[in-house]
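**Student:** If you want the building blocks of each chain, they are given just below.
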Amino acid sequence: EDQVTQSPEALRLQEGESSSLNCSYTVSGLRGLFWYRQDPGKGPEFLFTLYSAGEEKEKERLKATLTKKESFLHITAPKPEDSATYLCAVQRGGSGNTGKLIFGQGTTLQVKP
Amino acid sequence: DGGITQSPKYLFRKEGQNVTLSCEQNLNHDAMYWYRQDPGQGLRLIYYSQIVNDFQKGDIAEGYSVSREKKESFPLTVTSAQKNPTAFYLCATFSTGWGGYTFGSGTRLTVV
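Residue numbers (my numbering), protein chains in the order written: chain A, 1 to 113; chain B, 1 to 112.
Incorrect hints may appear among the rest.
What the hints assert, rightly or not - Example chain B residues on the side facing chain A (calculated, C-beta under 8 Å, incomplete):
#1 F12
#2 G16
#3 N18
#4 L27
#5 G40
#6 F55
#7 G97
#8 G99
#9 G100
#10 Y101
#11 F103
#12 G104
#13 G106
Quick caveat, the hints were computed from the structure, so don't treat them as lab data.
Every residue gets a Cβ at the ideal spot worked out from N, C-alpha and C, and that includes glycine.
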């Protein structure tokens, strides 16, 4: 069964304190792994797509990496405006792909000034 | 600007009442999805449609219904058969171009 597990559920950091969020997954034939950011009461906002093990992508203070079993979202020198819930999702590949994403439960990040 | 519009932002439902959530897109994407989000849980798929006049059940379709009469619109009806409808509902489209989802801003449904 396809499954995505994110850890930790919640993370509190001081401004400037770097850390990483984990996304472990099991899926039959990975088509893509997605990271989204979600602010309270809003829809998720796209951050990254990773397609194959070893791939890395960066955007400002965020860097996403992918292995065959997990993905990490590294946050370097975070600022209070990075506070949000970060969602990880996977898409299965192969024939009959419906575009369906399987989501983890999210990691809620709070960055204190 | 291209995007997805969900309305209303807040919706209150009485016991035994059906309510309809609107989702409109001008991205020209074929595939549209409805997800439900509960605190501490991942997004769960309710229904999806890959083409006009066709849709499929997701993982938690019981108590919900949809229609897809035109490409731009994918409304979700929460029926009285849905016993625990209080949640945050998200509509999304899928782009075959960049291979990812674009989400609307969501509708928060509360049973009163």
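**Student:** Hints the structure violates: just list their numbers, smallest first.
**Tutor:** 1, 2, 3, 4, 6 and 7
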